[in-house]
Amino acid sequence: MKKLMKGNVALAEAAIRAGCRMFAGYPITPQSEILEYLSSRMAEVGGQFVQTESELAGISMVMGAAACGQRAMTSSSGPGFTLKQEGISYLSSAELPAVIVDVMRYGIGLGDIILGQADYFQATRGGGHGGYCLPVLAPSSVQENADLVYRAFDVAEKYRTPVIVLSDAAIGQMCGAVELPPFRDHDIDQFDWTLKGRDEAHPNGRTMTDRMYYDFGYLEYDEHIRDRYNEMKEKEQAWEEWEAEDAEFLLVSYGISSRVCKEAVKLARAEGIRLGLIRPIAVWPFPQKAFDRFNGTVKGYLAVEMNAMGQMVEDVVLAARGKTPVYSMATGRVIADSEDVVRVVKDILAGKKEVF
Amino acid sequence: MTMEFVFAGFGGQGVLTAGMVLAYAGAEKDLDVTWIPSYGAEMRGGTANCTVKLSQEEVASPFPKRLDVLVAMNEPSLVKFAPSVKPGGHIVANSSVIRNIPEVPGVEVHAVAVNDIAAAAGNPRSANLCALGAAVACAGGMITLEEVENGMRGYFTKIKDHSGNLEIMRSGYRAVKP
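Residue numbers (the working numbering), protein chains in the order written: chain Z, 4 to 359; chain U, 19 to 196.
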């Protein structure tokens, strides 16, 4: 049976059910309910919860747990998520699985606690140094907050990579009906690459550091990196098509904005405009396969997102491969309004809006 | 079909809780449900509101748009949200607090003295549940009084005797549907 849960709490409980037994993080609005919930829940299932002295300590402790094979998670928002970036780069270099949750809030620097979608570049372009890539899952409902964090642990272990769950303040703070996933056991000793101390095969113990130094020749490493990220790009695309099959024009939107876009699709269709939506569920890798289905056949794509300049719209331009015009509706700190979205679509269809 | 409810009032009038009970009951009925509070700086200015959507299909946007039911616990809330109520929709206006309740063309306005009803029943703090009962009376077939009563029993886990709250909620319901 479905239960009414707050988005952040549903995410935290789903992480427990996925077998996460280590959380280390620091409070910041609007994701603090994740810590608050896990501070008691983790003890009930025999896991470790640490409220760290800083975000840096949080991501570093997660790295330690991941090196031992534990399912580990941290979460943050705004400036706190920025502080995680160095650790995410190190997790990527050591090729360790971990889940990092960013409940996006609005603004540059300290910004504000209100919702926003301005961390898209930071999450999908490698907010840390060195050119790593990593899967980024973007929930649009309380149910998906649960489902995608649950999936994130599997994806992380499949590729030995950190995975970001890119939620937002609206999804985190709202309540919705949720069907929680089942409990799963995680065997911390199941992997051959984790730190387990000395044994016959490893009389001096094992090394856990940047894999570039130990596991690859000088020129082999780039090839390894390319193979690794290209495999993720091929296999981890995920998206939802909504009223897209017969659409003459497509909205592209993720997270909270995508829900407003679904309302806009209903309003437009009631007026006879065949509008549809592509909703990336993974924003990295971006769902190129979805766009290849529609490129050259629809009249345009409108990227709707809550930041000042448009960020995801650049990925839409790349995905359109020059075959379909791309437009931007970046609503900044204002929640997109479904009637405004329909108005912009009408302007585009009337030739009154510049391409991005 | 999707129904939109807004519960709005001063902070402390229990509007967030009233909406939560409705959402809880909707989830128990296996409806798709969203409950979203007013968010950001507005929360600190003394007013509070939440939007609840109940649907047999997927709820699209959780934000208020064209309201089926507005519960206005004070005058500023009535002024702010009344224009968003759609034709054929309902407004439950708290006539214990709001002196001048205007007519709204195309909308059924129900003046319900929720504070007075709750006080007369001996529990003035349950005025929000009286308003919830009135809102349920406007919900058509989407959700019934009995289902919300069960939702209230499930939501208030620390309360042992629900009879007082249930009676106040029923009084609010009867104020709209005698």
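One or more of the hints may lead you astray.
Said to hold, decoys possible - Just the calculated beta-carbon pair ranges, DEER-fashion:
(1) P123(U) x E274(Z): 17 to 25 Å
(2) K349(Z) x K104(U): 52 to 60 Å
(3) E93(U) x E56(Z): 44 to 52 Å
(4) E93(U) x G325(Z): 35 to 43 Å
(5) S181(U) x E56(Z): 45 to 53 Å
(6) M215(Z) x R84(U): 21 to 29 Å
(7) K104(U) x D350(Z): 20 to 28 Å
(8) L113(Z) x G64(U): 54 to 62 Å
(9) K104(U) x R346(Z): 41 to 49 Å
Claimed, not checked - Derived, one-sided and incomplete: chain U residues facing chain Z with beta-carbon distance under 8 Å:
(10) F28
(11) L34
(12) A41
(13) V51
(14) T52
(15) P55
(16) P80
(17) P82
(18) V97
(19) F99
(20) F174
(21) I177
(22) D179
Hints in this document: simulated from the structure, not taken from any laboratory.
Glycine included, C-beta positions come from ideal geometry on N, C-alpha and C.
Going down the list of hints, with the structure as the test:
1. The hint said 17 to 25 Å for the Cβ distance between P123(U) and E274(Z), and at roughly 24 Å that hint holds.
2. Between K349(Z) and K104(U) the Cβ separation comes to about 22 Å, which falls outside the hinted range of 52 to 60 Å.
3. Between E93(U) and E56(Z) the beta carbon distance is about 48 Å. The supplied range of 44 to 52 Å therefore holds.
4. Remark: the range hint 35 to 43 Å for E93(U) to G325(Z) is contradicted by a beta-carbon distance near 56 Å.
5. A hinted range of 45 to 53 Å for the beta carbons of S181(U) and E56(Z) is consistent with their spacing of about 50 Å.
6. Taking the beta carbon of each, M215(Z) and R84(U) are about 57 Å apart, not inside 21 to 29 Å as hinted.
7. Between K104(U) and D350(Z) the CB atoms are about 25 Å apart, so this pair conforms to the stated range of 20 to 28 Å.
8. For the pair L113(Z) and G64(U), the beta carbons lie near 24 Å from each other, so the given range of 54 to 62 Å is not met.
9. The hinted range of 41 to 49 Å is not satisfied by K104(U) and R346(Z), whose Cβ atoms lie roughly 19 Å apart.
10. Using the Cβ-Cβ criterion of 8 Å, the hint placing F28(U) at the interface with chain Z is not satisfied: the shortest such distance is roughly 21 Å.
11. Checking L34(U) against chain Z: minimum C-beta separation of about 10 Å lies over 8 Å; hint violated.
12. The restraint placing A41(U) at the interface with chain Z holds, with a minimum CB-CB distance near 6 Å, inside the 8 Å limit.
13. Hint status for V51(U) relative to chain Z: holds, with the closest Cβ pair at about 4 Å, below 8 Å.
14. About 5 Å separates the beta-carbon of T52(U) from the nearest beta-carbon of chain Z, less than 8 Å, and the hint is met.
15. Hint status for P55(U) relative to chain Z: holds, with the closest Cβ pair at about 7 Å, below 8 Å.
16. For P80(U), the interface hint holds, the least distance from its beta-carbon to any beta-carbon of chain Z being 6 Å, beneath 8 Å.
17. Nearest Cβ of chain Z to the Cβ of P82(U): about 11 Å, over the 8 Å cut. The hint is violated.
18. Proximity of V97(U) to chain Z is violated relative to the hint, the smallest CB-CB distance being about 20 Å (cut-off 8 Å).
19. With 8 Å as the threshold, the beta carbon of F99(U) stays out of range of chain Z, its nearest partner Cβ sitting at about 16 Å, so the hint is violated.
20. Below 8 Å, beta-carbon pairs count as interface contacts, and F174(U) has none with chain Z, the closest being about 13 Å; its hint is therefore violated.
21. Interface hint status for I177(U): violated, as the beta-carbon distance to the closest one in chain Z is roughly 17 Å, over 8 Å.
22. Taking 8 Å as the C-beta contact cut-off toward chain Z, the hint placing D179(U) at the interface is violated, the least distance being around 23 Å.
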